[in-house]
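> Each chain, written out:
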Amino acid sequence: MVPERVAKAEKKDWAFINAWSLSLFGAIAALFTLCTLWPEPYLDVLSFLPDGLFVTFEVTVLSISCAVPLGLLTGLGRISKNRAINLLASTYVEIIRGIPLLVQIFYIYYALAKFLQVSGLTSAVIAISFCYGAYMGEVFRAGIMAISKGQSEAARSLGFNRFQTMFYVILPQAWRTILPPVGNECIAMLKDTSLVSVMAMPDLMQRGRSFAAKTYLYFETYTIIALIYLIITLLLSKGVSFMETRLNYYDKRK
Amino acid sequence: MTSESNITPVIKIDHVWKYFDELPALQDVSLNVYPGQRVVIIGPSGSGKSTLLRSINRLEEIDQGIIEVEGVDVHSREHDINRIRQNLGMVFQQFNLFPHKTVLQNLTMAPIKLRNTPRMEAEERALTLLKKVGISDKANVYPAMLSGGQQQRVAIARALAMKPDIMLFDEPTSALDPEMVGEVLDVMVNLAEEGMTMICVTHEMGFARTVADRVIFMDKGQIVEAGSPDDIFNNPHHPRLKQFLNQIL
Ligand SMILES: Nc1ncnc2c1ncn2[C@@H]1O[C@H](COP(=O)(O)OP(=O)(O)O)[C@@H](O)[C@H]1O
Ligand SMILES: [Mg+2]
Numbered sequence: 001m002v003p004e005r006v007a008k009a010e011k012k013d014w015a016f017i018n019a020w021s022l023s024l025f026g027a028i029a030a031l032f033t034l035c036t037l038w039p040e041p042y043l044d045v046l047s048f049l050p051d052g053l054f055v056t057f058e059v060t061v062l063s064i065s066c067a068v069p070l071g072l073l074t075g076l077g078r079i080s081k082n083r084a085i086n087l088l089a090s091t092y093v094e095i096i097r098g099i100p101l102l103v104q105i106f107y108i109y110y111a112l113a114k115f116l117q118v119s120g121l122t123s124a125v126i127a128i129s130f131c132y133g134a135y136m137g138e139v140f141r142a143g144i145m146a147i148s149k150g151q152s153e154a155a156r157s158l159g160f161n162r163f164q165t166m167f168y169v170i171l172p173q174a175w176r177t178i179l180p181p182v183g184n185e186c187i188a189m190l191k192d193t194s195l196v197s198v199m200a201m202p203d204l205m206q207r208g209r210s211f212a213a214k215t216y217l218y219f220e221t222y223t224i225i226a227l228i229y230l231i232i233t234l235l236l237s238k239g240v241s242f243m244e245t246r247l248n249y250y251d252k253r254k
Numbered sequence: 001m002t003s004e005s006n007i008t009p010v011i012k013i014d015h016v017w018k019y020f021d022e023l024p025a026l027q028d029v030s031l032n033v034y035p036g037q038r039v040v041i042i043g044p045s046g047s048g049k050s051t052l053l054r055s056i057n058r059l060e061e062i063d064q065g066i067i068e069v070e071g072v073d074v075h076s077r078e079h080d081i082n083r084i085r086q087n088l089g090m091v092f093q094q095f096n097l098f099p100h101k102t103v104l105q106n107l108t109m110a111p112i113k114l115r116n117t118p119r120m121e122a123e124e125r126a127l128t129l130l131k132k133v134g135i136s137d138k139a140n141v142y143p144a145m146l147s148g149g150q151q152q153r154v155a156i157a158r159a160l161a162m163k164p165d166i167m168l169f170d171e172p173t174s175a176l177d178p179e180m181v182g183e184v185l186d187v188m189v190n191l192a193e194e195g196m197t198m199i200c201v202t203h204e205m206g207f208a209r210t211v212a213d214r215v216i217f218m219d220k221g222q223i224v225e226a227g228s229p230d231d232i233f234n235n236p237h238h239p240r241l242k243q244f245l246n247q248i249l
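Chains A and B supply the protein sequences, listed in that same order. Just so it is clear: in the first sequence, position 13 is 13 by our numbering, and no numbers are missing. Just so it is clear: in the second sequence, position 148 is 148 by our numbering, and no numbers are missing.
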């Protein structure tokens, strides 16, 4: 009895050491150390980046707010009994999954530019949303399909129509399975916004590239950039797993 | 209602056929259910009992024949099936409570969203119903915290919250531990005594004997024999019914 308890206590004491905390605190410590010991290049790099960070967040947030509804529509389309809608959604997913995001970004940027004048921001958001909308569509589809058929039958038997059933009964439950992977897709999205730097979008990556090109401090610049992406990503992934636990509110418990 | 209402069937099932792929699940089934009648459907597994019940509220589509509920053709595209279903309460073997809603919300959701019942009124009625099924103390918990018997009683109350004229039960006690069967049957007996029109698919022969006005025996998608509980249980004719009764009794 007693040894077991000791073992448990010990386990708890060491619980804060895991891959996540090592990476996060390692990254923060590294950033801090570099900037205090060698402010000459590193602090200069860091102070050059906030504008870029803002653009990165801007692209990410805008893309998320387009990609999530698009993903929901795609997911609903993929499970639709309407053959035309189903085919449309499936084809979209098929095509997008077969083209690298970088190619899509180039393609949409130049294809759009051919017909109408759109800003780099707009085409970046369109490209990323289109790509991630397809991936999220699969997440939505799987989440919806995981809810037992009995749930929709119960709702339908009460007199809810198909849309009411989806929005009052199925989605609120599917949300639990959907949110964590959607959260992870959003994090992946934030990382992938670095690709838009190829279209001269002044995001974090692009700011870094132009700083490095000016000063030839390639190693120092990309070290800082990598650390910043890492810290943001780790914080967000903690947010996702926190959300995951909060979503279990209606499970059996005392 | 006209004076004929006591002889006009509330449910009229007329030469209904239903296929799953090539296999007939219902073969030329006809059945009338009259107001206040308690019909119990028995039969071996796979004989089409659920399919018949589910085609009454169009959870299953039929291939041939007509099903009318209160004079309305349920399978006609001209009628709003969602409206019709509000009058047909259904209770499932697996309860199918909404796990993300509290017990009270399970009961108030449909009246509030579908009938625009004011929340206060819906909750009041829900609490009355919960008292009736004997679980008013659990109004604010989530279904996962209830036993199977309690969940099924909530499911019955949820169906009643829409004030249906007819209740359909598909093996409501088959998923329950034996010690919980009684509490659910009690609720159903009370409902029958209040005069609710009920169609119950069940293997509870005691319930069939005491509550049913009419017992239907189905086999291989057909109604093989129908009659009073006395006819069916004490004086069965068809060999398949005799065999079935021998197996379960
Ligand atoms: N969704 C379905 N798809 C294919 N076959 C089905 C489906 N539902 C029921 N069946 C078949 O129809 C027949 C009748 O089933 P069911 O009505 O569930 O019988 P019971 O409720 O009497 O056990 C069975 O042979 C069953 O396998
Ligand atoms: Mg069945």
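Some hints here could point you the wrong way.
What the hints assert, rightly or not - Simulated crosslink set (BS3-like; lysine-lysine; CA at most 25 Å straight-line):
#, chain 1, residue 1, chain 2, residue 2
1, B, Lys-220, B, Lys-242
2, B, Lys-101, B, Lys-132
3, B, Lys-113, B, Lys-12
4, B, Lys-113, B, Lys-163
5, B, Lys-113, A, Lys-149
6, A, Lys-149, B, Lys-242
By construction, these hints were calculated from the structure, which means they are not laboratory data.
> Hint by hint, where does the structure go against what was stated? Just the numbers, ascending.
3, 6
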